[in-house]
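**Q** Given two chains presented individually in distinct reference frames, assemble the corresponding complex, making use of the accompanying hints.
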Amino acid sequence: MSLYFKGAEESSAIAVNCIRSGDGCTGANYRNKTLTTEHGMQLRLCECDMGVVTLSNEVKLDNLRGIHLKAGGKLNITASGDVSLEAPQVTIHGEKGVEAYEGPVIEIDEGVFDVDVRAKVVLSSGEGGVRDVDYRGAEKTYFPAWESENLSDDSFRYRDAPEDGHYDWGGLIGNVTGGIAVGVGVGLCTYIGVGALAASSVKVASLMGTAGVTAGSVGVSTAAMATGYTMSLAISDVMSGRVSSTEDYIRKALAGSVIGFLAGASPLARAGMGAGGSMAVGALEGAAGSAASQWIINGAIKLDQVIMDGAFSGLVELGMWNWRNAVKEAGNSLELSTRFLNKNDPLWKNADNIKPIDGYQDIVCHGDKFSLVFKNADGIEVNVSVQEFSEILKNSPVYEGKPIRLISCETGADGAISAQYLANYLGVEVIAPTDIVYVYPDGAMKIGKNDTGYWKTFKPKEQ
Amino acid sequence: MKTIGDIRELEKNEDYPSIYELINKPIKEKQKIIEYMKKAEILAVAPAAIRDVLNPEIRIPDLFLMGDGVYEWRSDIVYYLERYDLELPEEFLDHVFARLNTQNKDEK
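Chains B and D are the protein sequences, given in the same order. Under this note's numbering, the first residue of the first sequence carries the number 1, and numbering increases by one thereafter. Under this note's numbering, the first residue of the second sequence carries the number 1, and numbering increases by one thereafter.
Where hints are given, some of them may not hold.
Within a straight-line C-alpha distance of at most 25 Å, the following computed PhoX-like cross-link-like pairs (lysine-lysine) qualify [claimed, not checked]:
id, chain 1, residue 1, chain 2, residue 2
1, D, Lys38, B, Lys349
2, D, Lys39, B, Lys446
3, D, Lys38, B, Lys446
4, B, Lys70, B, Lys33
5, B, Lys369, D, Lys12
6, B, Lys446, D, Lys2
7, B, Lys349, D, Lys39
8, B, Lys456, D, Lys38
9, D, Lys12, B, Lys446
10, D, Lys105, D, Lys30
11, B, Lys349, B, Lys402
12, D, Lys32, D, Lys2
If you're looking for bench data, these hints aren't it; they were derived computationally from the structure. No experiment lies behind these values; they were computed from the predicted model shown.
Same shape as in the complex, but just chain D (with noise of 0.2 Å):
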């Protein structure tokens, strides 16, 4: 699978861009995405106590990897969207759209 949120502070990786280059980048429609984020599917669980790395005092409850069978993530790169509309690849957000179209018109 491919993975998206290769942050320099998250993966401890010189090599990954900053957090700090990442925030303030609004996206349309972030809500549906936030949402799709949110509702995957849960693949493995970290014994993890992390924080927020722009806020410290600020604790994230719990710290999973999270699929779609295409694509992979820290679900605390939802957390990051969510708060600093963090970037996201422009190639994961057309995956997203297309799925959710895809679901709109399985259901109609």
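Pulled out of the complex, with its shape left as it was, chain B reads as follows (with noise of 0.2 Å):
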């Protein structure tokens, strides 16, 4: 269609040419006007949109999807004032990453413009050297000035990180010693708690003592890795000069007493098993760590992350395995006949050099005629009934099913029943002491003070 003016008045306009109608016309609905240049430039008033189009750049404002500026090339807001978005949710896509600038934008030519730029931030998939940047989490990553390590101009500085010398070492020191404080009392719970456990249970003692696992090493180990933890937050808050909160410390401090409480009970499960079940006790070990302290310190767990760290540790595991394994194989043959000491007993090191008699396992264990004790580490004595002690044996791993020397005072004296009950219990034979066994530096035995006691056989008889 095409207006003719015949006078200056916009009155006199006139339509010319042909008007077109019909199915198939491009335009021909008469709701949607445009006038479109022979360049291709277009004004619309339509019956949903309006706008400006040109051949490779669209502004429309649109009643049913919003407003919508399509840009063929470079696309440049500048306001006097300041920008803002505000939606729901807001999406920033970069294809080749994500750069925010801080400073003045300045025109270099004529529609032309750009940043003076006094910081910048980039998110990008780190090509050409770039750093990624993750805000996700709880681990963030900080980054200086732009091009610039010399921080004394506040110029470039980003307006929350702190000055020189104005470093908040109080609010560090307050948080690590919350979190060790954490982790202390956490550890002290643990002793108390698996003491408890140890006290009112004889198999618990058992294991613990076979596995050489006492309240004190899992208290410890549990404090000594929290306080690790903490250290670790604190150190890498020094290096980036900032004070992460009390309550990432506390996290922090709770997370590190999970992975030392595992470590220091997983030899109870791990107790006399092979090179495959230490392994896999390892792996359980790891990846339960790693979930529990994710959970605590993120408030989610990455499975990903669980399954390497449960790898690695089990594989970890393997090689302790192996070491252990060696050295016992290298000499500390007797390490079996002395699992029912702690290696704080007096008597642990000269048991140590009992020279074995061929047919018979040692077994050193304090008792006296009609019973006998474990003392762990702790200090804590369990008296334990022969019949209780004649099961433990029986199912433990340090047992070879040999006939027994067993090396505990006065258990084959007259009168004494617990040797006579082993042997029957287990169906060996057993020998045991007719008085106090004392045992000397060089593992020599003498039964009583002079010298007056022997060994005597116990033969299984059918109850």
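**A** What follows is the structure in structure tokens.
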């Protein structure tokens, strides 16, 4: 359609040429009014939108879809005031990365703008040596002002970065103290809890003794790991020039205490296991620790991280099993015979030097005519009846099923019941001392102060 | 080495005197004797679970064979001396005092 003005007045205009109508004619709908030049520039006043359209750019106010801006080249938005975006969700897509600058906008050429950059944050895939920035979760990475390590000039700082000489040492020390206090508190509770468990159950006490685990060792492991985790966060804070929140420190300490507890208690689960079993226990320990610490610190669990940590822990445990096995084979063969003592017992070293005798397995345990006593490293003594001891020994991974030399005072004395009961229960021959047996540092033994006792033999009897 | 502390209830030997005949016999400078006996060398360790024969509800934590090169004794003898004034042989006491005097002279 064309307009012909026969005079200067707008009212003189008349339509000439043709007005298209009918199916198949582009723009035939009278509700969609457009004015298009021969260069493809179009003004639109349409049923659902209005706007300006060129060959490669669009600005449309669309009643159905909202406002649509499309640029074939660069899109610059400049304002002398602030630019604000307010929406339930703002999404920024940058195929090659997203950059945010701080600094005034300057017009470097007619219609061409740039930023006089003071600071810059890049969120990128990492190509070209640009560092990744991930602000999700509790772990944060902070960057100094762009292209400047000189933080003395305030213009090269982030607004919330601490100034030189104003580091919050008091806050850091307070948080570290809090974290350590949490760790020590949890460690103490663990110590009390495990100690009470050991004191209340002979089987637990026996298992702990066999595995070389004590309430003290579990408690110390718990507190030490919590302290380590706390200090790692403190070091990270000092290096980044910031101080994490007290809550972050407490979460870190709790995560460390969980790891420490698992590390301290895991020997119980792998006692007597072979390489495969130890590796499985190690993997479970690592996975459980990873999941628990992630949940405590981040409130979420990444499964791939759990699997990786579990696999790593399993491999480490396999290496440790090989090392322990090598040490044992290298000459600590009496370890099995001394399992029912603890390493702080004055008897421990002497018992290590006892010369084995052919055909018998040495079992060393404090005892008297009627019972045996487990003494753990925490000083807790548990009286064990011979019936309980027989059951424990039968189920213990350290017992090889052989005849026994029971190195336990008076267990073979007149009126004693321990050695005969043990022989009957296990169905093996037991030899036991008739009096107090003294073990010398070189492993030599004397029965009775005046060497008047002897090893009495007890054969299994039908019951 | 000579042994001291041969007591019927401890050694289970009827030939030895009963502990009841030996207690409540205070000695001079008891504390010095106790200190000397406690500081002596541990010769051997016993896997025992022993109790106070006069008060069986009391556990005595460890049992060692101790000695000073001339005499040897069970560590629980010191316990009975400390708690019940157990009588010890005069010869042994003289020996200890002689040793202590020698040590004092050496220190001076």
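**Q** Now look at each hint and say whether the structure bears it out.
**A** Checked hints:
1. D:Lys38 / B:Lys349: 20 Å, holds
2. D:Lys39 / B:Lys446: The hint holds at about 22 Å.
3. D:Lys38 / B:Lys446: Between Lys38 (chain D) and Lys446 (chain B) the Cα gap is close to 21 Å, so the pair holds against 25 Å.
4. B:Lys70 / B:Lys33: With Cα atoms ~21 Å apart, Lys70 (chain B) and Lys33 (chain B) stay inside 25 Å; holds.
5. B:Lys369 / D:Lys12: Holds - the C-alpha atoms of Lys12 (chain D) and Lys369 (chain B) are around 12 Å apart, at most 25 Å.
6. B:Lys446 / D:Lys2: Cα-Cα ~16 Å, so holds.
7. B:Lys349 / D:Lys39: With a Cα-Cα distance of about 20 Å, the restraint between Lys349 (chain B) and Lys39 (chain D) holds, given a limit of 25 Å.
8. B:Lys456 / D:Lys38: 33 Å, violated
9. D:Lys12 / B:Lys446: 16 Å, holds
10. D:Lys105 / D:Lys30: 20 Å, holds
11. B:Lys349 / B:Lys402: Holds, at about 24 Å.
12. D:Lys32 / D:Lys2: Status holds; Cα separation ~21 Å.
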